[in-house]
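> Since the structure of chain D is already known, use the hints to place chain C on it.
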Amino acid sequence: MLSILLLSVFGIANLFLGFLKNRQILFVGAILFVLITFGANLVEWGNPLDFGASINKGMMATDKTSVLFTAVLLFTAFLIMPLSQNYIQDKEAQPAEYYAILLFSLVGAVMMVSYESLLMLFVGIEILSISMYVLTGANKRNNRSNEAAMKYFLQGSFATGIFLFGVALLYGSTGGFSLSKIQEYVSSTPNISPMLYLGLMFTLVGMLFKVSIAPFHFWTPDVYDGAPTLFTTFMSTIVKTAGFAALFKLLSSSFGNVYGYWQTGFITLSALTIVVGNLTAVYQQSFKRMMAYSSISHAGYLLLAVTAFNERSSSAILFYSLSYSLATVCAFGVLMLVSAKNHNEEYNSFNGLAKSNPFLALVMTIAMLSLAGIPLTSGFFGKLWIFISAFERGMYWVMVIAALMSAVGLYYYFKVIIAMYLKEPHSKETDTKIEVPTPYIIALLIGTILTVVLGLLPDTIFGLLK
Amino acid sequence: MPEIITKIPLEYYIILASILFCIGVIGVLTRKNALIIFMCVELMLNAVNMLFIAFSAYKGDAAGQVFVFFIMAVAAAEVAVGLAIIVMIYRNTRSVDIGQLNKIKY
Numbered sequence: 001m002l003s004i005l006l007l008s009v010f011g012i013a014n015l016f017l018g019f020l021k022n023r024q025i026l027f028v029g030a031i032l033f034v035l036i037t038f039g040a041n042l043v044e045w046g047n048p049l050d051f052g053a054s055i056n057k058g059m060m061a062t063d064k065t066s067v068l069f070t071a072v073l074l075f076t077a078f079l080i081m082p083l084s085q086n087y088i089q090d091k092e093a094q095p096a097e098y099y100a101i102l103l104f105s106l107v108g109a110v111m112m113v114s115y116e117s118l119l120m121l122f123v124g125i126e127i128l129s130i131s132m133y134v135l136t137g138a139n140k141r142n143n144r145s146n147e148a149a150m151k152y153f154l155q156g157s158f159a160t161g162i163f164l165f166g167v168a169l170l171y172g173s174t175g176g177f178s179l180s181k182i183q184e185y186v187s188s189t190p191n192i193s194p195m196l197y198l199g200l201m202f203t204l205v206g207m208l209f210k211v212s213i214a215p216f217h218f219w220t221p222d223v224y225d226g227a228p229t230l231f232t233t234f235m236s237t238i239v240k241t242a243g244f245a246a247l248f249k250l251l252s253s254s255f256g257n258v259y260g261y262w263q264t265g266f267i268t269l270s271a272l273t274i275v276v277g278n279l280t281a282v283y284q285q286s287f288k289r290m291m292a293y294s295s296i297s298h299a300g301y302l303l304l305a306v307t308a309f310n311e312r313s314s315s316a317i318l319f320y321s322l323s324y325s326l327a328t329v330c331a332f333g334v335l336m337l338v339s340a341k342n343h344n345e346e347y348n349s350f351n352g353l354a355k356s357n358p359f360l361a362l363v364m365t366i367a368m369l370s371l372a373g374i375p376l377t378s379g380f381f382g383k384l385w386i387f388i389s390a391f392e393r394g395m396y397w398v399m400v401i402a403a404l405m406s407a408v409g410l411y412y413y414f415k416v417i418i419a420m421y422l423k424e425p426h427s428k429e430t431d432t433k434i435e436v437p438t439p440y441i442i443a444l445l446i447g448t449i450l451t452v453v454l455g456l457l458p459d460t461i462f463g464l465l466k
Numbered sequence: 467m468p469e470i471i472t473k474i475p476l477e478y479y480i481i482l483a484s485i486l487f488c489i490g491v492i493g494v495l496t497r498k499n500a501l502i503i504f505m506c507v508e509l510m511l512n513a514v515n516m517l518f519i520a521f522s523a524y525k526g527d528a529a530g531q532v533f534v535f536f537i538m539a540v541a542a543a544e545v546a547v548g549l550a551i552i553v554m555i556y557r558n559t560r561s562v563d564i565g566q567l568n569k570i571k572y
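Chains as they are written, first to last, in the numbering used here: chain D, 1 to 466; chain C, 467 to 572.
Each hint should be verified, as a subset may be incorrect.
To be verified - Derived pair list, reagent style DSSO-like, types lysine-lysine, alpha-carbon separation capped at 27 Å:
{"hint": "1", "chain 1": "C", "residue 1": "Lys498", "chain 2": "D", "residue 2": "Lys415"}
{"hint": "2", "chain 1": "C", "residue 1": "Lys569", "chain 2": "C", "residue 2": "Lys498"}
{"hint": "3", "chain 1": "D", "residue 1": "Lys181", "chain 2": "C", "residue 2": "Lys525"}
{"hint": "4", "chain 1": "D", "residue 1": "Lys57", "chain 2": "C", "residue 2": "Lys525"}
In short, the hints are calculated from the structure, not lab data.
Here chain C stands alone, though its shape is the one from the complex:
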């Protein structure tokens, strides 16, 4: 086991990842710009990645790190689709403000 693992307790990683995750959640809930919301979602995913890697290293189990690769690949696909949707919206409305998305009402 590497020395650094014995010096930094696992709890520190969990707390750091939780804080990052909460920042992401708060960003998604409060911001109005679609791009910033999107960045906050990515922050949430990266907080999860860090949590996976920390657990994986402390348990000496590689499965967690493999999961991180899957999350990265899926997040890349999501970015491709998400940015395309944002560009599509921008072409039609000249804005990426989600406050403008109020056409669908009953």
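Just chain D, with the same shape it has in the complex:
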């Protein structure tokens, strides 16, 4: 709750900082604002600040789960902010607006992890989505960025319409929006009206659309590919974490009693998503587009954790989204530097990177190993816990598919590593050293070190939710 207030104020403050001619202040200010909010959020651990029922009216609640998810969101944002350094020099860019929109979109993300009423879920999703539509089209003279923004906007608002129709039907059958009221209806009514099932279906389709689960994933590759890489990083980490936290919260606090109704569909969808995401990623030539398909496949693993639906699920989702976010931020950070120099985002632009810049190659290698789920990186434990909780639920055949597809994932993640270490650069011109700005070094180092530390001592984070 405190983080929502702080982020809203800081967003406005950032807009005013934009009046100053010095853009460096903006950059430092935005990072500082996210850090302060991160600290304030941790203060709420154990003593939530909800302002009582008189103001809050059961709209939002801060508990340990929501504090942890908020911490993951804010920490990811803190790692992404330093990567925005090239916007400070760019005369065309408007960094004050970008930072303000990023901070405002975090408000939406925090609302999505701490809502108690479908009204707040809707407002949170929309704050996050509308900010993302704007940021996708931030590069307004670039046709690819325009196209991505248009596709994202049209498909996203279509999904919102479907989601709202579902909420309307849920309201019609249960008579309320709050999660506890829906839960009360679902658990105490002997003959649940078919309208509730229909409404639940529409609501879930709308939400699965936002987290790009197959067959609702068609917007993802185009949008991730066309958007400026900084905002692609933001979309693939923060939107996904918030989306899955919201999905799990909705299902666990309201629809646990009708588990049988949505279980089969979810198992099928997660198997489909894992297969589609991994197999399509194999055929990509562009690294950025491969990351888009890989993010679809990771959404499939996260959906598997939601479907397992036991006491481990929440912490499995938390750990997986944290390790996925760390690795993704590192990978996109390296991509930004490499593509700024070579002006292309394909695999071959990484050729010979290990010789010209061993630090970037090492960061990228650890990120790829973590995404592939190799032991000693955090990605391994993320996958392991999802598999354990799926095993406890007895979802064996989907686990076999998921394990086989992780093996497929090895192929396309290692393509980058092979390009960096074993291939020669094309020409002498690409052989020159890439200069890594200090903020990049700090962000990439933190991300990489955490990926390894969580791979060695996973219980530090995992134990918190027990």
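Just chain C now, kept in the frame of chain D:
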């Protein structure tokens, strides 16, 4: 309870809202002009609004009507952003046909 509520059954509203919603969905899926698609999305949202108001009136619960205000406010924000994106596309390509949006391919 007002007299009109006793004369018109709730089902009529649900059916009308569903028909409007379906028209919106079909419009989004079949039309090629970005503005028309956008109008169809708005039609979907308004069908939802009507459904909320009908449920709210028949249940005697004001929460549904409050939700409608939120949808209207959010839809207005969405219109502002959406029209800006459409204008941006028009400036670069002189067209609002979504068939032209095929630059991103692998």
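> Taking the hints in turn, state whether each one holds.
Hint check results:
no.: 1; hint: C:Lys498 <-> D:Lys415; in the structure: violated (39 Å)
no.: 2; hint: C:Lys569 <-> C:Lys498; in the structure: holds (16 Å)
no.: 3; hint: D:Lys181 <-> C:Lys525; in the structure: holds (15 Å)
no.: 4; hint: D:Lys57 <-> C:Lys525; in the structure: holds (20 Å)
In this structure, the one hint that does not hold is number 1.
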